[in-house]
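Starting from the given sequences, assemble the full structure and let the hints guide the process.
Protein sequence lines, in the order shown, are assigned to chains A and B.
So that you can map any letter, position 127 of the first sequence is 127 in the numbering used here, and since no number is skipped, the others follow by simple counting.
So that you can map any letter, position 148 of the second sequence is 148 in the numbering used here, and since no number is skipped, the others follow by simple counting.
A portion of the hints provided could be inaccurate.
Identical chains blur together in the list; that is why a pair holds if it fits in one copy or across any two.
Claimed, not checked - Calculated lysine-lysine pairs in the DSS-like style (CA-CA distance at most 30 Å, straight line):
#	residue 1	residue 2
1	K150	K111
2	K131	K204
3	K204	K147
4	K57	K109
Source of the hints: derived by calculation from the structure; they are not laboratory data.
2 protein chains.
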Amino acid sequence: MSTKGVLVVISGFSGAGKGTLVHNLLSKYDNYALSISMTTRSPRQGEVDGVHYFFSKKEDFEREIANDGLIEYANYCDNYYGTPRSYVEEQLESGKDVILEIEIQGAMKVKAKMPETLLLFVTPPSAGELKRRLEGRGTETAEVIDKRMKRACEESEGVEQYDYIVVNDDLEECTRQIHQIIRTAHNTPNHQMELIEQIREELKAF
Amino acid sequence: MSTKGVLVVISGFSGAGKGTLVHNLLSKYDNYALSISMTTRSPRQGEVDGVHYFFSKKEDFEREIANDGLIEYANYCDNYYGTPRSYVEEQLESGKDVILEIEIQGAMKVKAKMPETLLLFVTPPSAGELKRRLEGRGTETAEVIDKRMKRACEESEGVEQYDYIVVNDDLEECTRQIHQIIRTAHNTPNHQMELIEQIREELKAF
Numbered sequence: 001m002s003t004k005g006v007l008v009v010i011s012g013f014s015g016a017g018k019g020t021l022v023h024n025l026l027s028k029y030d031n032y033a034l035s036i037s038m039t040t041r042s043p044r045q046g047e048v049d050g051v052h053y054f055f056s057k058k059e060d061f062e063r064e065i066a067n068d069g070l071i072e073y074a075n076y077c078d079n080y081y082g083t084p085r086s087y088v089e090e091q092l093e094s095g096k097d098v099i100l101e102i103e104i105q106g107a108m109k110v111k112a113k114m115p116e117t118l119l120l121f122v123t124p125p126s127a128g129e130l131k132r133r134l135e136g137r138g139t140e141t142a143e144v145i146d147k148r149m150k151r152a153c154e155e156s157e158g159v160e161q162y163d164y165i166v167v168n169d170d171l172e173e174c175t176r177q178i179h180q181i182i183r184t185a186h187n188t189p190n191h192q193m194e195l196i197e198q199i200r201e202e203l204k205a206f
Numbered sequence: 001m002s003t004k005g006v007l008v009v010i011s012g013f014s015g016a017g018k019g020t021l022v023h024n025l026l027s028k029y030d031n032y033a034l035s036i037s038m039t040t041r042s043p044r045q046g047e048v049d050g051v052h053y054f055f056s057k058k059e060d061f062e063r064e065i066a067n068d069g070l071i072e073y074a075n076y077c078d079n080y081y082g083t084p085r086s087y088v089e090e091q092l093e094s095g096k097d098v099i100l101e102i103e104i105q106g107a108m109k110v111k112a113k114m115p116e117t118l119l120l121f122v123t124p125p126s127a128g129e130l131k132r133r134l135e136g137r138g139t140e141t142a143e144v145i146d147k148r149m150k151r152a153c154e155e156s157e158g159v160e161q162y163d164y165i166v167v168n169d170d171l172e173e174c175t176r177q178i179h180q181i182i183r184t185a186h187n188t189p190n191h192q193m194e195l196i197e198q199i200r201e202e203l204k205a206f
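Shown next as structure tokens:
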């Protein structure tokens, strides 16, 4: 069987329930590791270095960029955010399936650098349901909800570039489905190469 | 949810247990239909037209070729064998996942014509186990077994062209795994296009 893990990007509309799904996967199954982003922004209250983010100085971040130490990165509002390569690779080597919760631009950069990456897009069953969920949070103003719906409209254009679309209607069922999709990726030739080579050698010897 | 079925090719070494796996899938789950091949060879004792094969005259078979009525075909020992397109397409349209049990050359032809096809390759856990299974049948001469092992050696070269490799160590586990891989294929953007389009339209209307 394959020993190396699968790199998984989980994207989806804001309000699709990605965060809860990822939390659910990590707590239900022991084959997952969550990638931790590196950022140059200051920690907010309660944020712990190495748990929520790896907090870094601008010059350290830029050195990582120069050394190709990040799988992807972006600059928002004058702060860098990126995915450190070494942590992801260590986890993959140790057999963990590594989850990255990032959005479409980042997802495409990861896929370009690591073509074996599995890209999953999570959607609610309908746009109406998405709006109800955003409203149901009770924390966003009508203006913010409106902005998120517009953003969802833009994001929906890139959905075909993902490998799999998962509908988050029932949380448990959706978690199970994502888990199955990720397990299935272990059966690709790429992950079965060791076994294939071994059988080939054996067959030649007969 | 997607309504159209997935076309699945199952190939594998002779002795890997494909036949039993396919039988198991068909009897355990109700989402499968088995593609029936068309052939110009004469029926053997006990073979029923429309069950084991669609038996056809040479001129009828050649008309099917001319009309692009076959997804793939080949000529062995002066007899044609092929996969009728209409039956497969009807079953896919009706939502069935259609299983084709064919070998690598046929698999590649199907993939070329219908790129959405899922290619699965079944292997025993080792070449030694493959040999034991062939010997265990007790029906083949040493010479035939030798030929099959040589053929397996050739076949093993094409394995990377498959989408998934499945190890048939435990029959029930392997059946379950194949079923999961096929269900997972229903989550590709291609199979979720209707939902995606619907959400896009809804999002634009907000």
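(message) If the cut is 30 Å between Cα atoms, do K131 and K204 qualify within a copy, between copies, both or neither?
(response) Between. Shortest inter-copy distance 13 Å satisfies the 30 Å Cα cut-off; intra-copy 60 Å does not.
(message) Cα distance capped at 30 Å. Does K57 pair with K109 within a copy, between copies, both, or neither?
(response) For K57 and K109, only the intra-copy Cα distance (23 Å) is at most 30 Å; the inter-copy one is 55 Å.
(request) Pop the pair K150 and K111 into one bin, within, between, both or neither, using alpha-carbon distances up to 30 Å. (result) within (25 Å within a copy, 38 Å between copies)
(message) Within, between, both or neither: how does the pair K204, K147 come out at a Cα-Cα threshold of 30 Å?
(response) between (62 Å within a copy, 13 Å between copies)
Comparing the model with each numbered hint stated earlier shows that all of them hold.
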